[in-house]
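Number of protein chains: 2
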Amino acid sequence: MAEETVGTGLEEPAYLTGVVDLLGALAHGELSAFERLAEDAVSAPTLRDKAELAAMAAAEFGHFARLRDHLGSLGVDPYAAMEPFHATFDNFHAHTAPADWPESLVKAYVGDGLAADFYREVAAYLDPGTRELILATLADTGHSEFVVSRVREIIAEQPAVGGRLALWGRRLVGEALSQAQVVVAERDALSSLLAGGVDRPGMDLASIGRMFARLTENHAGRMARLGLSP
Amino acid sequence: MAEETVGTGLEEPAYLTGVVDLLGALAHGELSAFERLAEDAVSAPTLRDKAELAAMAAAEFGHFARLRDHLGSLGVDPYAAMEPFHATFDNFHAHTAPADWPESLVKAYVGDGLAADFYREVAAYLDPGTRELILATLADTGHSEFVVSRVREIIAEQPAVGGRLALWGRRLVGEALSQAQVVVAERDALSSLLAGGVDRPGMDLASIGRMFARLTENHAGRMARLGLSP
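Sequence order for the protein chains is A and B.
For the first sequence, my numbering gives the first residue as 1, with consecutive numbering after it.
For the second sequence, my numbering gives the first residue as 1001, with consecutive numbering after it.
For the record, the hints were derived by calculation from the structure and aren't laboratory data.
Fair warning: this is a prediction, and the values are worked out from it, not measured in the lab.
Among the hints, erroneous ones may be present.
Unchecked claim - Computed Cβ-Cβ distance ranges for the label pairs, DEER-style:
# : chain 1 : residue 1 : chain 2 : residue 2 : range
1 : B       : Asp1188   : A       : Glu83     : 46 to 56 Å
2 : B       : His1086   : A       : Gly221    : 34 to 44 Å
3 : B       : Arg1164   : A       : Arg152    : 46 to 56 Å
4 : B       : Arg1225   : A       : Glu83     : 29 to 39 Å
5 : B       : Ala1206   : A       : Gln158    : 55 to 65 Å
6 : A       : Ser229    : B       : Arg1225   : 51 to 61 Å
What the hints assert, rightly or not - Covered stretches of chain B (in silico footprint by chain A; criterion: 3 or more residues with CB under 8 Å from a CB of chain A, positions within the stretch not fixed):
#  : segment
7  : 1029 to 1037
8  : 1042 to 1055
9  : 1059 to 1070
10 : 1075 to 1088
Each residue gets a CB set at the ideal place from its N, CA and C atoms; glycine is no exception.
Extracted from the complex, chain A is given alone in its bound form (with noise of 0.2 Å):
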């Protein structure tokens, strides 16, 4: 057992494996999330938008690095934990690939906002180290703003657009769920791990509702800033 994990609960295998599990999963999606943001950057209309979508890609880059190491920390094989998550992520991105640069926008804001509420929620149940980690990697990377504004643009040039956008919006929410729903179906250790343990808590059928509640109103707010009906 690596020196990090002594007193921290990760000590207990079951507990352990279910993190490097969680870990290996939020790794692999920020990979992803570089590779698609990075894709999509080569369709931006201007060098200023391209370059704006570039840094977005560059900061899932960096959150990617952070928790490889932090795995590698663990003593695990960082990309021996990523791969069980290989077919989600390339599920969810060949049934959400955008077709033109307002859905780039709009998959990259939506998605990512939804991606960070779901790994902030799975944290409170974690020990303080993987919590503050988890809690680091999503930390807000500013960019958010330009998007915002860019979609607005958009909609106030083409109306019509705003309704195929909203549409897209709840597309892109509904893939997100299906895919972590066959993720925590498949994965033992993942949905052991929020179920929690005799010592430690975790969530039961209430508090998983409630989250999906919460997690379905930031959906809506960010739809609603972004000038979308939900």
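Take the given structure of chain A and dock chain B to it, following the hints.
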């Protein structure tokens, strides 16, 4: 005129225009490199390979951000300064799209090395502030080792690939020189910058010849490190 330009030579309009052109070209090159490396990361055979190429892309973005902010501090719109070089980098990348992962690796290493050498040569003729900015931007980000060992592994496993990659390296240099030549021919400010001024040394034909000799020699050294004939 911005505060930063006083007493650096940048108060001479022709010199400032040339420096802005050079930094605009460099900034565009870094942003294009980010895009292409991120694109190439998609075809990486393993998550580890993907992460290594993504790290190189993120480093290029960091360089770009630094140049963009410096152009801003000169009182210049960085995106306007970059715009004239759009076609050059588009053409270069369109003519050198890697057919597979080994070609991506060689392009990352050879292209990055050649560009860095060229900008270092030019930096020698500039005011100290601009020179230091360029040298800091080009500082090795420590990812070369990864590319070298991966390319050597690939050639050891499939010796036939070595011949194809050697040709590929030659094509990359040819395209880079041909694009560089178009830029210098089209951008008067840039060619004046390189030619020097009354109180500022520049490149004459002999020094241009020596520069090309050094660029070619360094390129051959890089090919040798990859295990490829130059």
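Hint check:
1. Range check, B:Asp1188 to A:Glu83: Cβ separation about 54 Å, and the 46 to 56 Å hint holds.
2. Evaluation of the 34 to 44 Å hint for B:His1086 and A:Gly221 yields a pass: the beta carbon distance comes to about 38 Å.
3. The given range of 46 to 56 Å is respected by B:Arg1164 and A:Arg152, whose C-beta atoms sit roughly 50 Å from each other.
4. About 31 Å separates the C-beta atoms of B:Arg1225 and A:Glu83, a value consistent with the hinted range of 29 to 39 Å.
5. Distance hint check for B:Ala1206 and A:Gln158: the Cβ-Cβ separation is about 58 Å, which falls inside the suggested range of 55 to 65 Å.
6. The hinted range of 51 to 61 Å is satisfied by A:Ser229 and B:Arg1225, whose Cβ atoms lie roughly 57 Å apart.
7. Only residues whose C-beta sits within less than 8 Å of a C-beta in chain A count toward coverage, and the segment 1029 to 1037 of chain B has 3 of them, enough to reach three; the restraint holds.
8. Check on the segment 1042 to 1055 of chain B: 8 of its residues sit with their Cβ under 8 Å from a Cβ of chain A, so the three-residue criterion for coverage holds.
9. Using a Cβ-Cβ cut-off of 8 Å, 5 residues of the segment 1059 to 1070 of chain B lie near chain A, which meets the minimum of three, so the contact claim holds.
10. Given as covered by chain A, the segment 1075 to 1088 of chain B passes the check, having 4 residues with a CB less than 8 Å from a CB of that chain where 3 are the minimum.
Going through the hint list in order, the structure satisfies each hint without exception.
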